[in-house]
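These are the residues of each chain, in order.
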Amino acid sequence: MTALQGCLLISALLFAIGFAGAVTRRHAILVLIGIELMLNAANLNFIAFWRFGPHPEALTGFMFVLFSMALAGAEAAVGLALVIAIYRHKKTSNLDEVKELKG
Amino acid sequence: MSIFFILTAIVTLFAAASAMSLRNLVHCALALAVSFTGIAALYLQLDAQFVGFAEILVYVGAIAILIVFAILLTRSGEAPENSVLTSGWMAGIAISAMVFTLLGWAVLNSSAIPKENPPAPVATVKNVGDALMTKFVLPLEIIGLVLTAAMIGAVIIALKESSKSETAGRES
Chain A
1 MTALQGCLLI
11 SALLFAIGFA
21 GAVTRRHAIL
31 VLIGIELMLN
41 AANLNFIAFW
51 RFGPHPEALT
61 GFMFVLFSMA
71 LAGAEAAVGL
81 ALVIAIYRHK
91 KTSNLDEVKE
101 LKG
Chain B
1001 MSIFFILTAI
1011 VTLFAAASAM
1021 SLRNLVHCAL
1031 ALAVSFTGIA
1041 ALYLQLDAQF
1051 VGFAEILVYV
1061 GAIAILIVFA
1071 ILLTRSGEAP
1081 ENSVLTSGWM
1091 AGIAISAMVF
1101 TLLGWAVLNS
1111 SAIPKENPPA
1121 PVATVKNVGD
1131 ALMTKFVLPL
1141 EIIGLVLTAA
1151 MIGAVIIALK
1161 ESSKSETAGR
1171 ES
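Residue numbers (the working numbering), protein chains in the order written: chain A, 1 to 103; chain B, 1001 to 1172.
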């Protein structure tokens, strides 16, 4: 197993953990935490391919990770604001009780 | 892969798993911070120093703290009495196990993965800054705009919605 495969396996496992948490937990903040873990797994993939890929001097994977970190910051801010707004409306942050849009 | 790399990966994955499985939300946020620190250590060992320190600054310093604030603002700091899992949690676990199996199979059997390790690339802060100011200047500006819009949007969403009822009360 090469180092690149090791990194990819670690990030696959991190993605699976984040996905399992995001779809199984009931609390809205934990779903956001799961999404952050999945984003981090994708970033780890980018860095691994940048490090072990053919043209690391072009810095493309590196820059993609920097920009995706900025986007993750924006996403976390908006997501947590939504959680707070929902809590203020309904006095709950349990996702099973927020189901107005359920068909 | 050095033994230190494997140890860091184990700590990271264990912290991530406990962040997703603990009952108390504050403990979850702390485990998440540990997991982010482990990922930053992995970046440092992959010769991406700038990204590693940015990870600590952005994720451990900002996002984990923001999550703790949201937990305390929604008064969900104590562990709940009833179940913390959704009704369809077994299907979720099964799907994520299938996702991991597929990804792991693809990683281990892919022919596109190069066999030899290239020498460590140089990504000094000067190189990164040069690239950001020349080749990636348009994405940089756009990301600034996106961050500003997200900040304003987050403030507006989280604002108290009492203005309408207040003005109605004043008019009557």
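I should point out that these hints are in silico values taken from the structure, not numbers from a laboratory.
All values derive from a computational prediction rather than experimental measurement.
Be aware that one or more of the hints could be misleading.
To be verified - Using 16 Å as the maximum straight-line C-alpha spacing, the simulated EDC-like pairs for lysine to aspartate or glutamate come out as follows:
| # | chain 1 | residue 1 | chain 2 | residue 2 |
| --- | --- | --- | --- | --- |
| 1 | B | Lys1126 | B | Glu1078 |
| 2 | B | Lys1135 | A | Glu57 |
| 3 | B | Lys1126 | A | Glu57 |
| 4 | A | Lys91 | B | Asp1047 |
| 5 | A | Lys90 | B | Glu1161 |
| 6 | A | Lys90 | A | Glu100 |
For this session: Identify every previously stated hint that the structure contradicts and give their numbers, smallest first.
Result: Of the numbered hints, 1 and 4 do not hold.
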